[in-house]
Amino acid sequence: MNKKLAAAVSGGAVLMLVLSGCGGDDGDKKTDAWAKKVCDSWQPELKKIEQANADIKRVATESSKPEEVQSTDSAAFGTMSESYKAMGTALTGAGVPPVKDGEKTQAAAVMGFESTAQGYTALKTKMDALDAKDQGKFAEGLKDVASGLDEATKGGKEALDQLKSGGLDKAMNSQKGCQVTTPAPAKS
0 MNKKLAAAVS GGAVLMLVLS GCGGDDGDKK TDAWAKKVCD SWQPELKKIE QANADIKRVA
60 TESSKPEEVQ STDSAAFGTM SESYKAMGTA LTGAGVPPVK DGEKTQAAAV MGFESTAQGY
120 TALKTKMDAL DAKDQGKFAE GLKDVASGLD EATKGGKEAL DQLKSGGLDK AMNSQKGCQV
180 TTPAPAKS
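Residue numbers are given in numbering that gives the first Met the number 0: position 106 of the sequence shown equals residue 105, and the series is strictly consecutive.
It should be emphasised that the hints constitute simulated quantities derived from the structure, not laboratory data.
Computed from a predicted structure; not experimentally measured.
Mixed in with the good hints there might be a few duds.
[Stated by the list, open to error] Below, a list of computed lysine-lysine pairs in the BS3-like style, where the Cα atoms sit at most 27 Å apart: (1) 142 with 153; (2) 153 with 46; (3) 103 with 169; (4) 47 with 36; (5) 103 with 64; (6) 103 with 142; (7) 142 with 132; (8) 132 with 64; (9) 125 with 103; (10) 163 with 175; (11) 99 with 36; (12) 35 with 99; (13) 156 with 64; (14) 29 with 169; (15) 153 with 132; (16) 29 with 156; (17) 132 with 46; (18) 29 with 175; (19) 35 with 46; (20) 99 with 64; (21) 163 with 46; (22) 28 with 132; (23) 156 with 175; (24) 28 with 153; (25) 103 with 175; (26) 125 with 84; (27) 169 with 36; (28) 125 with 35; (29) 132 with 36; (30) 132 with 84.
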């Protein structure tokens with residue numbers, strides 16, 4: 000069951016890799032400056048999300064006790080919630096993107112990141128409520144948590160889609176701060 004949760008969470012990690020890529024064209028300098036401001040703010044959050052995903056995978060692939068899985072996953076969900084909230088705040092702080100329908104694009108993306116932050120808060124609450132002392136109940140509870148991951152990450156995926164459809168993907172892809180390097184697997 001832990002492996003299913005790790006696989007589901009890894010799908011959420013893909014969310015953050017969507018905007019990462021190889022550089023773009025020179026593009027509009029205002030758009031590039033806006034993207035740099037956003038991506039520089041996002042970089043520490045993206046690293047935290049990647050580390051949280053790595054922690055979840057680690058306890059899922061090792062023979063971890065339910066208590067360790069619970070505390071690790073709970074902490075990871077809390078970190079992800081805070082990071083997605085911070086990413087939405089960074090979008091707001093960067094100002095309206097200098098593209099057509101920039102205000103609409105920004106507002107929709109911020110709402111998406113806030114939705115994902117709330118989704119991870121809900122998953123953390125569910126994880127904290129699991130009975131780690133009863134293996135059967137814990138396994139059932141993990142299924143419930145894993146089934147909520149798609150819904151939790153939906154807003155963030157929509158936020159990225161909104162930014163891409165708003166024409167910001169090339170500018171953001173060219174920024175080092177929006178490029179995530181996947182961490183090397185932990186040695187066992």
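Results for each hint:
1. Proximity of residue 142 to residue 153 is assessed by CA-CA distance (about 18 Å); at most 27 Å being required, the pair is judged to hold.
2. Our distance criterion of 27 Å between C-alpha atoms is met by residue 153 and residue 46, whose separation comes to about 20 Å.
3. For the proposed pair residue 103 and residue 169, the alpha carbon gap of about 19 Å is at most 27 Å, so the pair holds.
4. Taking the CA atoms of residue 47 and residue 36, the gap is near 18 Å; set against the 27 Å cutoff, the hint holds.
5. For the hint linking residue 103 to residue 64, the alpha-carbon distance of about 46 Å lies beyond 27 Å, and the restraint is violated.
6. Taken as a hint, the residue 103 and residue 142 pair is broken in the structure, with Cα atoms around 36 Å apart against an allowance of 27 Å.
7. With a CA separation close to 16 Å, the supplied pair residue 142 and residue 132 stays within the 27 Å bound.
8. Taking the CA atoms of residue 132 and residue 64, the gap is about 10 Å. The hint holds against a cut of 27 Å.
9. With a C-alpha separation of about 33 Å, the suggested pair residue 125 and residue 103 falls outside the 27 Å cut-off, and the hint is violated.
10. Only pairs whose Cα atoms come within 27 Å are accepted, and residue 163 paired with residue 175 is accepted, the gap being roughly 17 Å.
11. Simply put, residue 99 and residue 36 have alpha-carbon atoms about 19 Å apart, close enough for the 27 Å limit, and the pair holds.
12. This hinted pair checks out: residue 35 and residue 99 have alpha carbons roughly 18 Å apart, not beyond 27 Å.
13. Using a Cα cut-off of 27 Å, the hinted pair residue 156 and residue 64 is violated, with the two alpha carbons roughly 32 Å apart.
14. Proximity of residue 29 to residue 169 is assessed by CA-CA distance (about 13 Å); at most 27 Å being required, the pair is judged to hold.
15. For a cut-off of 27 Å, the pair hint linking residue 153 to residue 132 is broken: about 31 Å separates their Cα positions.
16. Taking the CA atoms of residue 29 and residue 156, the gap is near 25 Å; set against the 27 Å cutoff, the hint holds.
17. In summary, the hint linking residue 132 to residue 46 is not supported, as the alpha carbons are separated by about 32 Å, beyond the 27 Å threshold.
18. A distance of roughly 17 Å separates the Cα atoms of residue 29 and residue 175; the hinted pair therefore holds under the 27 Å criterion.
19. Only pairs whose Cα atoms come within 27 Å are accepted, and residue 35 paired with residue 46 is accepted, the gap being roughly 17 Å.
20. Under the criterion of a C-alpha separation no larger than 27 Å, the hint pairing residue 99 with residue 64 is inconsistent with the structure, at around 52 Å.
21. Taken as a hint, the residue 163 and residue 46 pair is honoured in the structure, with Cα atoms around 21 Å apart against an allowance of 27 Å.
22. Distance check on the hinted pair: residue 28 and residue 132 sit about 57 Å apart at the alpha-carbon level, beyond 27 Å; violated.
23. Only pairs whose Cα atoms come within 27 Å are accepted, and residue 156 paired with residue 175 is accepted, the gap being roughly 20 Å.
24. Distance restraint check for residue 28 and residue 153: the Cα-Cα separation of roughly 31 Å exceeds the 27 Å cut-off, and the hinted pair is therefore not satisfied.
25. A threshold of 27 Å between alpha carbons decides the hint, and for residue 103 with residue 175 the separation of about 25 Å falls inside it, so the pair holds.
26. Between residue 125 and residue 84, the direct Cα distance comes to roughly 19 Å. Compliance with the 27 Å bound is thereby established for this hinted pair.
27. Taking the CA atoms of residue 169 and residue 36, the gap is about 15 Å. The hint holds against a cut of 27 Å.
28. Using a Cα cut-off of 27 Å, the hinted pair residue 125 and residue 35 is violated, with the two alpha carbons roughly 36 Å apart.
29. A distance of roughly 46 Å separates the Cα atoms of residue 132 and residue 36; the hinted pair therefore is violated under the 27 Å criterion.
30. Restraint check for residue 132 and residue 84: the C-alpha separation of about 32 Å exceeds 27 Å, so the hint is violated.
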